[in-house]
Structure formats: structure tokens, C-alpha cells
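Peer 1: Listed here are the chains, written in short residue letters.
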Amino acid sequence: GDSVTQTEGLVTLTKGLPVMLNCTYQTTYSPFLFWYVQHLNEAPKLLLKSSTDNKRTEHQGFYATLHKSSSSFHLQKSSVQLSDSALYFCALRYYKLTFGTGTSLLVDP
Amino acid sequence: GALVYQYPRRTICKSGTSMRMECQAVGFQATSVAWYRQSPQKTFELIALSTVNSAIKYEQNFTQEKFPISHPNLSFSSMTVLNAYLEDRGLYLCGARRGGQDTQYFGPGTRLLVL
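Note that the protein sequences, when read in sequence, are chains A and B. If you count by the numbering used here, then the first sequence holds residues 10 to 118, one letter each, in order. If you count by the numbering used here, then the second sequence holds residues 40 to 154, one letter each, in order.
Pulled out of the complex, with its shape left as it was, chain B reads as follows (with noise of 0.2 Å):
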């Protein structure tokens, strides 16, 4: 079945600092990536989207700037955060597709403290 793992699960940073995050595909080859982050109100925003042979997609209010994402094959993906504040905090999850289906597949999330 298809698996997704997202590394660390929990994470805390000081303010300012930033943090790397990892999402690894297991059992099949994600053709893409979606980046969201769950508030702590539990509502979802995407951050942005990678497929495969073409460039990443940033959603309105982020940037790659701020969140660069690395896709270097087709099992992998990771964000950083980068200079984190208290309005960064949250559940970020990433989403990973089959090429051709229709479901993503969510890894258990990284839980990220901003102190």
C-alpha cells in the first residue's frame, strides 16, 4: 500500500531560526508533492505544489523565499522553514500523488513549536 512519511514528527525552534522538514513516498513513485500546513485552528492552507518535471508552485502568501522545497526524485520531497515566527507554527503536511490517480496520500505531519 502507499505510505507516507514525514520527518521530524515534532519539532521546536527559536524564533528567527529555521528548520528543515522531509516527506519520503514509500511503495510508489509520487509524480507530486502538495506542501500544506494546518493551523492550529485546524484549518489547511497549501503552500505549494511540485510535480515532477515542472517548476514548484507557490500559493498566494508564500514563497519560495520563505518555504524552499527540494523534489529530487520521485520518492522524496523536503521544506524549510525559514526564519520562523509564532504565526509559522503548525501541522505541516505534505500530500504525495500517483501519476494518473486521483488520491493523496498524507504522512502523519511535522508539528512544528515556535518559541
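With the rest of the complex left out, here is chain A (with noise of 0.2 Å):
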């Protein structure tokens, strides 16, 4: 079946610093890809999709490529913020989600 794995549990950085987090996949079927922020008692929001191979796709700041050739669909910010401290979850397909475990980010000040 399909899996997805989010190494990070939890990443904290300074604002301003880069970051990147990590998400590789399993699948049978043509991957689509999915980055879900969660902030503190609310509702995961769609941060980022794809489906196309080798194509960066961004948003709010956040970037990320899927690389179909190593099942890997890794978020990067060049610059992080104080409001970007969320729970980070990577998704696979899109009418049955199958999540990874998620990333805690925490920005210092």
C-alpha cells in the first residue's frame, strides 16, 4: 500500500535560516503529492501539490520538487518566520490521503 515518511519529528531553527523538510513516498499509482500546514488547534491547510516530475512548485514562500525518481517531495523556505512554527505533514494522492507522521517546526526569534 502506500507510505509516506517524514524523518523529522521536530526541527527548530532561528528565524531567518533556511530549512528543509524531508518527505519520501511509496506507491503503486502515478504520485501526487501534498504538503499540509497545521497550526495549533486548527485544520490542516493545504501548503503546496504535485504531480508533475522535476517541476518546483511554490507558495507563501515554501518550495518544493517532486522528484519521482527518488519518491521525494521535500519542503524548503530559504528564509523562515516566526509564524511558520507548525505541524508539517506530507501526503500522498489526493481522494484517499495517506499522511506522514508530520514535522514539528519551531522558530526562534
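Just to be clear, a hint being listed does not mean it is correct.
To be verified - Using 25 Å as the maximum straight-line C-alpha spacing, the simulated DSS-like pairs for lysine-lysine come out as follows:
#1 K86/A with K81/B
#2 K54/A with K24/A
#3 K105/A with K96/B
#4 K105/A with K53/B
Please keep in mind that the hints were generated in silico from the structure rather than gathered at the bench. The structure presented is a predicted model; accordingly, all values stated were derived computationally and were not measured.
Make the complex out of the two chains shown on their own, each in a separate frame, by following the hints.
Peer 2: Here it is as C-alpha cells:
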């Protein structure tokens, strides 16, 4: 079946530094990957999505590129802000999402 | 824009009792609704997927007998947690998707606490 792996449980960074949150996946279907962000006591909100190989997708300063050759869809940002502190989930497929375990991003002043 | 409401936002029930939660799509027709549970440890489990004109498909470890779902029209779905126990606690999220589109819109969730 489908699976999504996020290796970091917690990432702590100082404001202004770059960040990369890892996501790899396994599926027998054509991959469609998503990044969702969940702030405290809120629902997950879509941040990025892609099904196109080797094409960078961007939103709100975050970007990711789907690499089918390595089954990866890492999330990056060049300069994190305090408001980026949240839980980030990588997810696979669209009508029946399989979520990774999530990465908590904490940004210090 | 697409909005999804869930009711109630939070509920407490006694062990062994049941509770019903609702999901309403506003501004679009939800041809499919997926119900998820996010555990206190923040991991997600898909409970079931309900698609218009198809039978509701439950994932392994979840059954219709325990989590009956109703999806009577393109804007509303409800799910009941029957005989709730401690392991059923968590945040129940509904993800609604328009036909032909690839994005699920999530409601704010119903947080279930079982005493």
C-alpha cells in the first residue's frame, strides 16, 4: 500500500534561516504529493501540491519539487519566520490521503 | 471559496456511549468526503471514504458497525462513533473534495474526549 515517510519529528530553527523538511513516499500509483500545514488547534491547510516530475511548485515562500526518481517531495523555505511554526504533513494521493507522521517546525526569534 | 464546517467542535462522552458528528461543505459540491482521525500523537488514520454514487469504503481497522457514515447529498456527511472508548479519542477531520479536482478541503475537526 501507500506510505509516506517524514524523518524529522521536530526541527528547531532561528528566524531567517533556511529549512528543508524531508518527505519520501512509496506508491504503486502515479504519485500526487501534498504538503499540509497545521497550526495549533486548527485544521490542516493545503500548502503545496504536485504531480509533475521535476517541476518546482511554490506558495507563500515555501517550495518543493517532486522527484519521481528518488520518490521525494521535500519542503523548503529560504528564510523561516516566526509564523511558520506549525506541524507540517506530507501526504500522498488526493482522494484518499495517506499522511506522513508530521514534522513540527519551531522557529525561534 | 471552499469552506468545510464541522459540528460539534468538541465533545465529551462517557465510555460506551455514542456520538454523532457532522460535516458540511459550503460553496461547492463535495462529490467525495473522507473521514480521518488524528490521534493525540498527531498521526492520521483514514477511517473511510464516501463517494457519491459509490458504496462507502472503510479502511482496515474501521468498520461500518463502529463508525456508520451517512452522505445523503453533495454538501453534507455525518459519522457516528458508536460505543466510544478511550482509544477512540482524537480529532475527527472531514476532508471534502469537488469532483474532478485534486484538493481536499478540511473542516476544523471534531475533538472527541472519552471519559
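Peer 1: Against each hint, give a clear statement of whether it holds in the structure.
Peer 2: Verification of the supplied hints:
| no. | hint | in the structure |
| --- | --- | --- |
| 1 | K86/A with K81/B | 23 Å, holds |
| 2 | K54/A with K24/A | 22 Å, holds |
| 3 | K105/A with K96/B | 10 Å, holds |
| 4 | K105/A with K53/B | 31 Å, violated |
Hint compliance for this structure: hint 4 alone is broken.
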